[in-house]
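Visitor: Line by line, the protein sequences give chains V and P. If you're matching positions, the first sequence starts at 8 in the working numbering and goes up one per residue. If you're matching positions, the second sequence starts at 92 in the working numbering and goes up one per residue.
Hints listed in this document are in silico derivations from the structure and should not be mistaken for laboratory results.
Heads up, simulated BS3-like pairs for lysine-lysine below, C-alpha to C-alpha not over 30 Å straight-line:
| id | chain 1 | residue 1 | chain 2 | residue 2 |
| --- | --- | --- | --- | --- |
| 1 | P | K311 | V | K317 |
| 2 | P | K275 | V | K86 |
| 3 | P | K445 | V | K317 |
| 4 | P | K158 | V | K89 |
| 5 | P | K278 | V | K89 |
| 6 | V | K346 | V | K237 |
Each chain, written out:
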Amino acid sequence: MRSRKRIIITSAICIMLVGLAYFAWLFPFYEFTTNDYSTSVEKLLSTDYIKTLVPLFIIIGLSSVGIALCVWLRKLMAKTDKRYSRFANIRTGKVAGKAPNQKPAVFMVIRWIVMIAFGFMMIWGGLIFGLKMSSISIPILSCPWNTEQMTESSCYYLSHLNELFELPIKSILIFFGSTIGFTLLFGRAICGFLCPMGLVQDIMDKIRQKTKTEGVSMNEKMYSALTPIKWCMVIIFVGLCFMGGNFCNFCPAVAVSPILAGISTSLYVSGFLMILVLMGAFFKRRFFCTVCPLGYLMGLLHKFSLFRIKKDCQACTECGACYEACPMGIKMIYTERGKADVTDANCIMCGECVRCCPENNALSVTFAGAKLYTSSRKQIMSEYEPKKRESEAAKK
Amino acid sequence: MTTETKQAALKKRQDNRFINKETQTAAKYLRRLKELSGAPDGIEPFYDTLERIYVDMQSADVPKGMKTIGTYCVMVPQELIYAAGAVPVKLCSGNYTAFSVGDEIVPRDACPLVKAVAGFKQTGLMPLYEDCSMMIVPITCDCKKKIAGMLSGECDLMTLHVPASRDDDDIDDYIAQMYDLIEKLEKVTGNEVTYETLSEGFRKVGYAQYELSEFIRLKKQTPYLVRGSHEMAILNSASYMPADKWGEALHKVNESLKERAKSGQTVTAKKLPRILLTGSPIVFPNMKIPLLIEEMGGIVAGDETCMGERGMWDPAVITDNSFDGIMRALANRSLRPCPCPTFADNKQRIYRLKQLISENQIQGVIYHVLRGCLVYDFEYKRIEEELGQLGIPVIRLESDYNEEDVEQLRIRIEAFIELIKLKQAPEKRTSVRTGF
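Starting from the given sequences, assemble the full structure and let the hints guide the process.
Guide: As structure tokens, this is what we get:
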């Protein structure tokens, strides 16, 4: 009975998504009188820039209202619940104190630096630094409407295949060559390290962690319900151009980089979707990545990419911390008991599982066989390590 | 004399006899532990704790004004109890005298651990049990279920339903129970559990676990720096000490072990057969098996019992900073890494044993089964098969809480150790003994 309900809800969402995607131009979120695709450094410094930023402000405002509303609703629900009414305040209100957290790992710091630097370059790279490599395509969701970004992103031609085949053969070859080349080299590490959509979502998650707001913990069943939605997204992504639609009116990524680069583009369904993405990412880390069509296509090649997650199955105690930490809900990583390679098609190489693994050498991120980041108990327990000064004072 | 006073006098005589016998056995095993060579410096606080509880018959040494909460098994998150401003003590018992009392009141086939608990409850003489404001009993086997019913008379008691598997839904159910547990703890202690106190509880237990990981890292080294019996005494006393005090005491032991490692001192220069002890819990004063192993010339190099290394090894990893996230981490830690045979599918215990075998270069495994402990007995066959494929000899030792079977155990353990010695290459005595 419960599974039937799930099927009905999932298929309803799929149909809605297809409908929204097809009639995207009918639902304007914010329309400029004229779309201005030119931008310059001067424009960034002038008041015109604020005008182009308006839709972004609306999105941020609406999504924060939405988040506040969700938190408030949950508080109401918790108060009426028999078991949790006593905990309504502690779970949904502001709480004092600091939970013990391990010291930041080098890998994580590097990931954040790379993500922020690359995000910056994808928005203003061409504009400020004059760095443009428009012939190279990287499979990320960074909107190509922003003509000033550092490199081309593959999402445009992948979602407009009919236009792709009208290009000269050389361009087609370069497009496929660079896209597949990057996917083979880095795999979905591109999602975890380079994608600006990922950065936006990770920032939302950081805000939640800082405010200690309760998230939505998804279990395997919910992830399996999301899989058909992901397939539906892939069909929309690849097939919409043949049906006469335009994926860009639907894609939430349009609402980030062009606006920040000072390009005024009218937003259709993408604006509404961006609000959902931000809210989703706030309550569930990297929510959009679990349904991202581009990520799915990249995941098809996960068997060949050079980034791998390795597991020492004997060292594992099946504590499930990796599964709890995984933003993509990969359960196999803790149930696997035979293979040393636990790279999954959904894995975005964010290294969160390695960070949370309490067993020495049980999990590691490797690149072409070289270990980049290995789990260690010392790192996990670093918060509990007695401060050196204190122990020395105790000795005296 | 009226019958009432007669009965009172009889009761008093019985009580005195109980106390005498109980303290004598505890003192005897403590003495045997102390006589064993190679104890690390700084082990005294742990001996003192065991002495305090079982020989002096006092309650656990907790800070003034704090209540003690009795727990059984390893599935009760100690962090929550510290967060409620109380101190957890583990009440799983290994007492021979209490066992003989309990033998009369629980069925013959019940396990001795439960019989001993029932015995303590019957006599009402043990301050450790009597001072508990509340008891938390995870239902891990039939005996625990029924003993929970017997104990529920006098103090607050909460049972935790331990699921048969460790799936996502089971974890969710366990989290709900954790919330219920908080509510109950708050009622008993009168303190509120907040985010702050819970974090503080995490820090207390985390510090103890930090020192424990350090200790186990040092213990793994060959040649061995510490004996397994001493390690078991240290880990057993963790049940009766506040985690921060225990951690501090263990810190001193670690320091002395590091000194030892530096100066090249070892427990003995001889190549002793390295033995892994697994199976039913070994609770002080029922230390006959580890003591026999080490007295017969072996060394308990690995320990996979729930009153030993396994009980505190796994840390709760916080993956989400919210209050609910912390509760999730607790429930997750309590169930998922736990290799307790109460779970239907417990293959992970075999992997854990294999890991311990390779890390500690184990040469033989002693599988301890308490009489009537069915769940552990069930798993013996599978483990024997799996370890047989690795070429590791395994024996099953069944024992009870009395000293009648000591000689029989001694012969079997001696034969097992001789067997391992025969297998290993003859020892070359090149290095001069630097240790004790």
